[in-house]
Amino acid sequence: MATAGTRKRPLSPHLQIWRWGPHMFISILHRVTGNGIAVAGLGLLLWWLGALASGPAAYDTFAGWVWADMGKLDWNGVAVIASLVKIVLKLVMIGISWAFFSHMMSGLRHFVLDVGAGFELKTNRVWSILSPILGVVLTAAFWALLLLR
Amino acid sequence: MGNGTSIGRVRGLGSAKTGAHHWLVQRFTAIGNLLLVLWLAVSLVLLPDFSYATVAEWLARPIPAVAMILLVVSTFWHARLGMQVMIEDYVHEHGSKFACLVALNFAAFGGAAFGAFCVIRLALGAH
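Sequence lines, in order, name chains A and B. Just so we're aligned, residue 1 is where the first sequence starts under my numbering, counting upward by one. Just so we're aligned, residue 1 is where the second sequence starts under my numbering, counting upward by one.
If we strip away everything but chain B, and leave its shape as in the complex, we get (with noise of 0.2 Å):
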C-alpha cells in the first residue's frame, strides 16, 4: 500500500461496500417503475377522455393519488441512480463531477417534492 498516487492509497482495502446497496436499491426501484408505470399506462387507455374535470376527479381518489405519489417517488429515485452512473462514467474532472452530483440530487429531491405535494394538493381539494 503506498501513499503516493490516489490509486495507491486505496488499493489492498477491499470495495467501498457500498457498489452493492446502490446496484440492489436500482432493481428495487425498477420493479416499482415496472409496476406503477404500467398501472399508469392502463389507467390512462381506460380514461374516458384527457379533459381537466375526468383526469382531475379521477387522480384526486384514493388509490390513484398514493399510486401516483408512489410513482413519483420509484421513478425519481431511480432516475437519480442511474443518471448518477452516467455522470460518473462520462464526467471525469472531481470538481464538475461533484457539481454534477449535487445538482442531480436538488433536481431528483426537488422534483419528487413538488409532485408529490402537486398530487396531495389535487386529492385534498384545492379545487
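Looking at chain A on its own, in the form it has when it is part of the complex (with noise of 0.2 Å):
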C-alpha cells in the first residue's frame, strides 16, 4: 500500500471550500436570536415586572425610556445622550419581539428535524427559507395588532 496517500481522494466535503446555504444561515440565526431573547429580551422583563412592583413612578420611569414618545425628545445639550437611547430601546423592543418570533419559528423547524422528519435536501432547504420569513411575518402581525387595535 505504497501508493495509498498519492491516488485521488475525493474533493468533497471539504473543511475549508464550501458555500452558504439556507440550513446554515437558519442554525446560527437561532442561535443569535436565542442569545439575544436570553439577554436583552429576559433583562426588559426583569425591568418591566420590577417596575410593576415597585409602583406607578418606577413604571413610568420604564416606559419613559423604552416605549418614548418620539415626538416630546429633548435634543438640546447633554439630554441628547438620552434620545438617542431612548430611540435605541425602542428598536430594541421591537427587534426582540421579531428574534423571539423568529426564534419560535426556527425552534418549531428544530421540534421537526427531532423526530426524524424534513431532512430531506428539498424540504429542508424550503423550512430553512420559510422559517425566518415567517417570523418576519408574524412579527409585522404582532405590531400590526398592537398598534391599530
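Keep in mind the hints are simulated off the structure, nothing from the lab. C-beta: ideal position from N, C-alpha, C; glycine also. Just to be clear, a hint being listed does not mean it is correct.
What the hints assert, rightly or not - Quick list of simulated restraints, FRET-style, between CB atoms: (1) R9/B - V112/A: 32 to 40 Å; (2) S83/A - L38/B: 29 to 37 Å; (3) S43/B - G43/A: 17 to 25 Å; (4) A144/A - R11/B: 50 to 58 Å; (5) G8/B - W18/A: 29 to 37 Å; (6) L130/A - S96/B: 35 to 43 Å; (7) G14/B - G43/A: 38 to 46 Å; (8) W75/A - V25/B: 42 to 50 Å; (9) V115/A - M86/B: 22 to 30 Å; (10) R11/B - R19/A: 30 to 38 Å; (11) G43/A - R61/B: 19 to 27 Å.
Bring the two chains, given one by one in their own frames, into a single complex with the hints.
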C-alpha cells in the first residue's frame, strides 16, 4: 500500500471550501436570536416586572425609557444622549419581538427535525427559507394588532 | 485506556450520561416557552392600554400572575441551558469557562427569583 497516499482523494466534503446555504443561515440565526432574547429580552422583562412591583413612579420611568413619545424627545445639550438611548430602546423592543418570533419558527423547525422528519434536501431547504420569513410576518402581524387596536 | 492526556483518561468510558437530560429539558422548557410567551403576546394585544393601573390590575389577577411566574421560570431555565451550550462552544480555556458558567447560573437563578418575587409582591397587593 505504498501508493495509498498518492491516489486521488475525494475533494468534497471539504472543511474550508463550501458555500452558504439557507440551513446554515437559520442554524446561526437560531443561536443569535436565542442568546439575544436571553440577554436583552429577559433583562427588559425583569425591568418591566420590577417597575410594576415598585409602583406607578417606577413604571413611568420604565415606560418613558423603553417606549418614549418620539415627538417629545429633547435634542438640547446632554439630553441628546438620553434621546438617542430612547430611540435605541424602542428599536430593541421591536428587535426582541422579531427575535422571539424568529426563534419560535426556527425552534418549531427543530422539533420537526428532532422526530427525524424534514431532512430531505428540498424539504430542508424550503423550511430553512420559510421559517425566518414567517418570523418576520408574525412580528409584523403582532405590531399591527398592537398599534392598530 | 491511557492515563496521560485528558482524552486518554476518558476514552472507552462511554458518554457522561447527562447529555440526553440536558437535551430533553431544553425541549420541555421550549414547549413551555411556546405556550407561555404566546399567552403573553395575546394578553398584551388584548389589554386596552399600557397604563400602570391597567397592567398592574391585570397582572395581579390569579391566572395572569401564575402564568407570568411560570413564564419567568420556563424562559430563564431555557435561556440558562441555551447559553450554557454557547459558552461551552466558544469559551475553551477551563478557568474562563468555569467562571462564565458560574456567572450564568447566578444570573439565571437570581433573575428568575427576582421576576417571580415581583409578580408575587404585585399580586399580594403591595399597592
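Hints, one by one, checked against the model:
no.	hint	result
1	R9/B - V112/A: 32 to 40 Å	holds, 39 Å
2	S83/A - L38/B: 29 to 37 Å	holds, 34 Å
3	S43/B - G43/A: 17 to 25 Å	holds, 20 Å
4	A144/A - R11/B: 50 to 58 Å	holds, 56 Å
5	G8/B - W18/A: 29 to 37 Å	holds, 32 Å
6	L130/A - S96/B: 35 to 43 Å	holds, 38 Å
7	G14/B - G43/A: 38 to 46 Å	holds, 40 Å
8	W75/A - V25/B: 42 to 50 Å	holds, 49 Å
9	V115/A - M86/B: 22 to 30 Å	holds, 25 Å
10	R11/B - R19/A: 30 to 38 Å	holds, 35 Å
11	G43/A - R61/B: 19 to 27 Å	holds, 25 Å
Hint compliance for this structure: no hint is broken.
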